[in-house]
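There are 2 protein chains.
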Amino acid sequence: MTTHSTPLSDLEIAANATMQPIVNIAKAAGIDEDALEPYGRYKAKIDPAKLNAPSKNGKVVLVTAISPTPAGEGKSTVTVGLADAFHQLNKNVMVALREPSLGPVMGVKGGATGGGYAQVLPMEDINLHFTGDLHAITAANNALSAFIDNHIHQGNVLNVDPRRIIWKRVMDLNDRALRNVIVGLGGPAQGMPREDGFDITVASEIMAIFCLATSLEDLQNRIANIVFGYNFAREPLFVKDLGVEGALTLLLKDAFKPNLVQTIEGTPAIIHGGPFANIAHGCNSIVATQTARKLADIVVTEAGFGSDLGAEKFMNIKARQGGFKPDAVVIVATVRALKMHGGVAKNNLKEENVEALQAGIENLAKHVDTVRQFGAEPVVALNRFITDTEAELATILAWCASEGVRIARTNVWEQGGKGGIELAEKVLEVIEAGNNFAQLYDVEQSIEQKVTTIVQKVYGGDGVHFTEKAKKQIAQIEQFGWDVLPICMAKSQYSLTDDPTRLGRPTGFTITVREVIPKLGAGFLVCLTGDIMTMPGLPKEPAALRMGVNEEGKAVGLF
Amino acid sequence: MTTHSTPLSDLEIAANATMQPIVNIAKAAGIDEDALEPYGRYKAKIDPAKLNAPSKNGKVVLVTAISPTPAGEGKSTVTVGLADAFHQLNKNVMVALREPSLGPVMGVKGGATGGGYAQVLPMEDINLHFTGDLHAITAANNALSAFIDNHIHQGNVLNVDPRRIIWKRVMDLNDRALRNVIVGLGGPAQGMPREDGFDITVASEIMAIFCLATSLEDLQNRIANIVFGYNFAREPLFVKDLGVEGALTLLLKDAFKPNLVQTIEGTPAIIHGGPFANIAHGCNSIVATQTARKLADIVVTEAGFGSDLGAEKFMNIKARQGGFKPDAVVIVATVRALKMHGGVAKNNLKEENVEALQAGIENLAKHVDTVRQFGAEPVVALNRFITDTEAELATILAWCASEGVRIARTNVWEQGGKGGIELAEKVLEVIEAGNNFAQLYDVEQSIEQKVTTIVQKVYGGDGVHFTEKAKKQIAQIEQFGWDVLPICMAKSQYSLTDDPTRLGRPTGFTITVREVIPKLGAGFLVCLTGDIMTMPGLPKEPAALRMGVNEEGKAVGLF
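Chains V and Y, in that order, are what the protein sequence lines are. The first sequence maps to residues 1 to 559 in full-length UniProt numbering. The second sequence maps to residues 1 to 559 in full-length UniProt numbering.
Watch out, some of these pointers could steer you wrong.
Heads up, the list lumps identical chains together, so a pair's fine if it works in one copy or across two of them.
[As the list claims (entries may be wrong)] Derived pair list, reagent style DSBU-like, types lysine-lysine, alpha-carbon separation capped at 30 Å:
no., residue 1, residue 2
1, K554, K27
2, K56, K325
3, K469, K294
4, K50, K554
In short, the hints are calculated from the structure, not lab data.
Model the full assembly from the supplied sequences, consistent with the hints where possible.
Structure below.
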């Protein structure tokens, strides 16, 4: 049973685990030696161009969750544990995850590689710099900013309007002081003063492009098509106008190769790309998923936060651009989190409360409904905690039975793959049954139609309110013919609405879209809702305060 | 003979070279397999703690140069070629270099790994992200900035005065628009507005600490002792007051291991740390040099720009903190560059001009004099170009003979190690003869005395003028007892004075120190002179415009 009273931290469990050399993991996964570039003993990059065997066209299992709460759901943990369960069942399986961002690692989370006995290793490397992919993305993003400002400073042949540059700088940190800045101060030798701001790297368009490009050539074409701003005649300006798409691609070429690691149980894991799911599209790279599908019969992957965020974008954006579909969808839920959705305060979660649970199940019900909207049949993974009571478990099981929803109890945090066998078996049933997956909207529809579809079918809301600013932006986007793209909603992860305080399954609400930003390189239109921030801040006591290096040069304080 | 009319670029020569697997290079260098962490096939990190053999206490050959000119001197090329020459002479040798910064690579230089047949490989990796060390340093530096701003935002228990924060953010790019910025705009939820600025990563104190620390423990202690600003009572505030030295050390722990690569001729090369020599101390890391000294009988290393910059700091800072000495010093010179010092314009360098050369030799004379000031006997490496005439060569040889200066012609760009044999033999003579190396000043002397010593003995100037601001800073530094540290001069590389237009060997000048900045973590005091910038800008046509990736995924446009 999952318990947080265990004496070992995730980092300690990870440190005690025995890893296999990555060359062994690769060999077992059918990766040719020629296609493997080791980074240390336990990490490697895979060159997909050098994988010679025909693709297995692996089935895709997407792991999503109910709306997250401070109680924690354990989605990454279940994702890893489910893959380990398939591994124990002798299935040919790989797990495909996102790369952690240093921002949350240093800020609140401390680590993002699963937990307990369902982790990917080497945990401390993956949570820190890993193979440098995020740094390469940061460098490419900020090189573009430097090229833009230099272009203006050196005569501004393109007539870039410094007030209409939409390309922002990035930092892979939580740093609220960089949200709004003025750059170029200090006189004529120091560039042109203008307003600017920094997003976190995982929210950047380069990260989105990195995760959606299907080849290095596609990567370069997408970079060339980034709109970085407008000239004084309000015409769009592209990266290709600056002629630096080659240099930016060069900065990304090695990072673009997927990273191979392993779970505690030796299941091969690909970890590549890491956009946040609230402010970006929330899925690992297409090249990683496709590499895993080439090598394995089953690919377990996750999308960030609840099904209203990562999973919706997985289906409407990633699957559409990648040309595949989810063959099964797992929704992770916990008794604790559902009780919070039913109104219980965080400090009272240990007490049995069937009534609140019953109310909170509404949130799960909406996520089940959402998955079914896409023509897929979900399996609920009930991630067990030691405080769950029999009455509470019975309540959830009864609800699932009444709705005809498959449910499996998981306990992978404590048991590893063994704790996910029941879930794996139910997922196999769903895969076997097949589905009629379809995207919820057609890109040819109007922006308003597409956003309304997401709000009504996925969030359960009544409709959308566009601010005057958003309306002007939509008019401009339509004028340029950029409206035939999918939508990437930026919305609070905590609520199905754009108000993070409204838990459960709210009804009778509208979503306010305050800005619509074209990301032509990524190939989607970002809709900003509520007061969602594209650069997080640090808490009063950052996780970093606990971190350090011990006498053996090993990390302490990651968890 | 060195020529730039060769049909192959440095990148093409590098791409055509056959590299040995890095594990073979390591084995030949006596590196235990256990101490090696491969990064791809041709790069690796070395864990110095796992090197079990007793140290060879290798002799240190420092390569420096005359004052650089746009004509180019080829210091890195000669450094690599000299190591290859020792290798050809069957000496047990390693070369220790600095890591290139992306700023100059994308800006003007295009690459910084030697040239022709005297290069370190893999050239394109080393010039781009390499093993991520500079990104780790950037992340640690900027994490500290985020922690500082967050501390202020969350209640400011330390009473940090936002006007007196001396810690700046960094970016490993040339980006003039970031020199002076205002951060924290946007209202109370977005942090405290304040003036800030970005330096290039290679100018940061974290880079200096990284290069001067002798162990991970020393690294953490130095980080703890960084002064990041002052409180409202004008008392200094240290990183240890924020309690984040552990987290910052954690971010640096893997980067801190030296990187192993190879030259075109298979000579083992360690490339680690890369502070600029004009705005920082200009030498690769002590841990790299000491690792090379442990493994090899001869270590060839370079310090940036002329002997007034990198070499002066190598001797007065790095050698002092590392506890070793230069056993031989090579001064790289070219006929072309000396003619520029004698007044010839860049476009006229192909024409013979003995008179100008004779005048320009004054610059070489000062660098010879500087090396002798330290009790060392230099060897001049005359790096040949195809345009050099016999009369010009005779002029330099005659001058060296008259001054009793050893000189060797080198042609390593075209011939590799073979073109450096004569130089290697003369260097061996100097090593054999031994020297009476001593630092030029004692750290116990006053700041004014120390700076005056550098100006008079190294630059050949009359004395120092401190601005009122600098005087106030010195008074404060003395008040806190921080004055017993070596000096790190930040000065133009182009002139022995603080005016980049004064070539040759100027006399009768004074140096103006406009600011004195304590770097307690690094363990030196930075003196800013002239209008030296700690963040470069891009030229009108950045080198990036030529860069890209070919169909095989290889770099083009690096040179």
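For K50 vs K554, is the C-alpha pair at or below 30 Å within one copy, between two copies, both, or neither? Result: close only across copies, 14 Å inter versus 34 Å intra.
One pair to classify: K469 and K294, alpha carbons no more than 30 Å apart. Within, between, both, or neither? Result: close neither inside a copy nor across copies, 44 Å intra and 65 Å inter.
Given a CA cutoff of 30 Å, do K56 and K325 count as a within-copy pair, a between-copy pair, both, or neither? within (15 Å within a copy, 61 Å between copies)
Given a CA cutoff of 30 Å, do K554 and K27 count as a within-copy pair, a between-copy pair, both, or neither? Cα proximity of K554 and K27: in one copy and across copies (28 Å, 26 Å).
Of the numbered hints listed earlier, the single one contradicted by the structure is hint 3.
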